[in-house]
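Asker: The residues making up each chain are set out below.
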Amino acid sequence: MLNLNNLTIQRGNNIVFSDFNTSFKTSNLTVIIGKNGSGKTTLLRTIAGFIPIENGHISLEKLDVRINKNQWVDKLIYIDIKNGLSQDLTVFENLATWVDMKGWSTSKDNLIRALRSVEMEKYSNVYISQCSEGLKKRAALARLYFSFIFGVKFWLLDEPSNDLDKKSTMLFKELVNRFLKINGTIILTTHDTNLFKKKYEILDLDLLKEKIII
Amino acid sequence: MSSNSSSWLLVLITHLKRDFLINLRSLTDLVAIISFMLLIIILFTFGIGPIKENLDIISNAIIWVGLILALIPSLEKTLNKDLENGWFDQLLTSPIPLEIILLSKSISYWLMVIIPLILSTPIFFILLDIDLKQTPWLLASMTIGGLAISLVGLIGASLVLGAKRGNILLPILIIPLMIPILIFGVGINEAIKMEEEPINNLLLLIAFTLIYLVISPFISALLVRIAIAR
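Chain order of the listed sequences is A and B. So for the first sequence, my numbering puts the first residue at 1; every next one is plus one. So for the second sequence, my numbering puts the first residue at 1; every next one is plus one.
Next up, chain A with everything else stripped away, as it sits in the complex:
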């Protein structure tokens, strides 16, 4: 269970959240919705530990985002609209560098399996600069496969379904279902309210501090 207690986040002089409480259960998918500028990305980036917290706590089991920084980042995968891919590297090189950067060591087979999970295998030697937006997003989502190898506990995904076609969305949903089965926690933002048909939770930032279960 990922807990947010009395969370206050300030950006410049703006207080984005004050005394915000919520929790994200394991094996659960939470979709954060809200108007543009309501703080969806800010919330995700705060949980990832990029944005300093003014007040309050973010914790997962015994880990705290501020105290156990190294263990915290080891348990999460964060993917946002910028993808974090270098234009001058191929799809494969980008993924391999990312895994090394995470401090994990893996075999070439696993890297290929990860690319296969989003059907990017045949693009593995294509430069990112030559990829379409959808392909880039899939190249970024291939990282999620390593959750099943290295014991990642939660995903923070900022509009992961943007630019994805129907087939890729299906592949993404397969990864989501697989992660939920191994007790993962997924927090994502989207504007596509029809993305998931299954039961999921909605955190509507426009109705701040309220949580409605559908």
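Because the hints were derived from the structure by calculation, they are not lab data. Certain hints may be false.
Taking CB as the label site, the calculated pair distances span [said to hold, decoys possible]:
hint, chain 1, residue 1, chain 2, residue 2, range
1, A, Ser-18, B, Leu-119, 55 to 65 Å
2, B, Lys-81, A, Asn-125, 18 to 28 Å
3, A, Glu-119, B, Leu-24, 22 to 32 Å
4, B, Leu-119, A, Ser-132, 31 to 41 Å
5, B, Pro-116, A, Lys-197, 49 to 59 Å
6, A, Val-126, B, Leu-9, 24 to 34 Å
7, A, Lys-122, B, Lys-81, 49 to 59 Å
8, A, Arg-66, B, Ala-61, 44 to 54 Å
9, A, Gln-130, B, Ile-115, 28 to 38 Å
No experiment lies behind these values; they were computed from the predicted model shown. Glycine is no exception: its CB is placed at the ideal position from the N, C-alpha and C atoms.
We have chain A already, so just place chain B on it with the hints.
Answerer: Frame of chain A; chain B shown alone:
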């Protein structure tokens, strides 16, 4: 602890490899830097005119100023590219300290931009009619000073990270830190020219490089974290 430090080394190598590939695939950037330095030196030689004595007095200084000026426009890009494509966000989800990663960036900039530039300088020595006796000292001092320039550049690049008009702000901010490198770098070759011992200047240049080596990754990491939290 030992497994920790070995994984740090692995990450350092991973990043050097990554930056090496990226630099290799954007070689035009390097060509632009070398041609810019060539331009600076050609302009100086024409500006000085045909009197050889005048050229002899300032040839070392021209090489050093040319080196610094040619590198400055490319410094900002070293970090800005990775901020724009979101790579820094991913780096923050790595258990490896940002300091190590930034240090590797600085080293890779030194190895893949500054060293090739220095290797191309013998052409400029001919243009400036620099004594052959001085060449090894000049190359050695520029190699050491180059690392210092790269480290100072890292501070500058992280200071203007994500800022608009960073390319204008950056030179103003880092030139003061470059001055000691310039003074002792030129000092080494002036000593050789006057047939004195260059060792004092060399040691001071090394000392400044080591100081920058220690402080630069920490200052830069702090600045990068601020830039990302914005």
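Asker: Confirm or reject each hint.
Answerer: Cross-check of the supplied hints:
1. Under the hint 55 to 65 Å, the C-beta atoms of Ser-18 of chain A and Leu-119 of chain B, about 58 Å apart, fit the expected range.
2. The hinted window of 18 to 28 Å between Lys-81 of chain B and Asn-125 of chain A holds, with their beta carbons roughly 22 Å apart.
3. Roughly 29 Å separates the CB atoms of Glu-119 of chain A and Leu-24 of chain B, a value that falls within the hinted 22 to 32 Å.
4. In this structure the supplied range 31 to 41 Å holds for Leu-119 of chain B paired with Ser-132 of chain A, their Cβ-Cβ distance being about 39 Å.
5. One distance hint, 49 to 59 Å for the beta-carbon pair Pro-116 of chain B and Lys-197 of chain A, holds here, with the actual separation near 56 Å.
6. Remark: the range hint 24 to 34 Å for Val-126 of chain A to Leu-9 of chain B is upheld by a beta-carbon distance near 31 Å.
7. Distance hint check: the CB atoms of Lys-122 of chain A and Lys-81 of chain B are about 27 Å apart, inconsistent with the given range 49 to 59 Å.
8. At roughly 50 Å, the beta-carbon separation of Arg-66 of chain A and Ala-61 of chain B lies within the given 44 to 54 Å, and the hint holds.
9. For the hinted restraint 28 to 38 Å between Gln-130 of chain A and Ile-115 of chain B, the CB-CB distance of approximately 30 Å keeps it satisfied.
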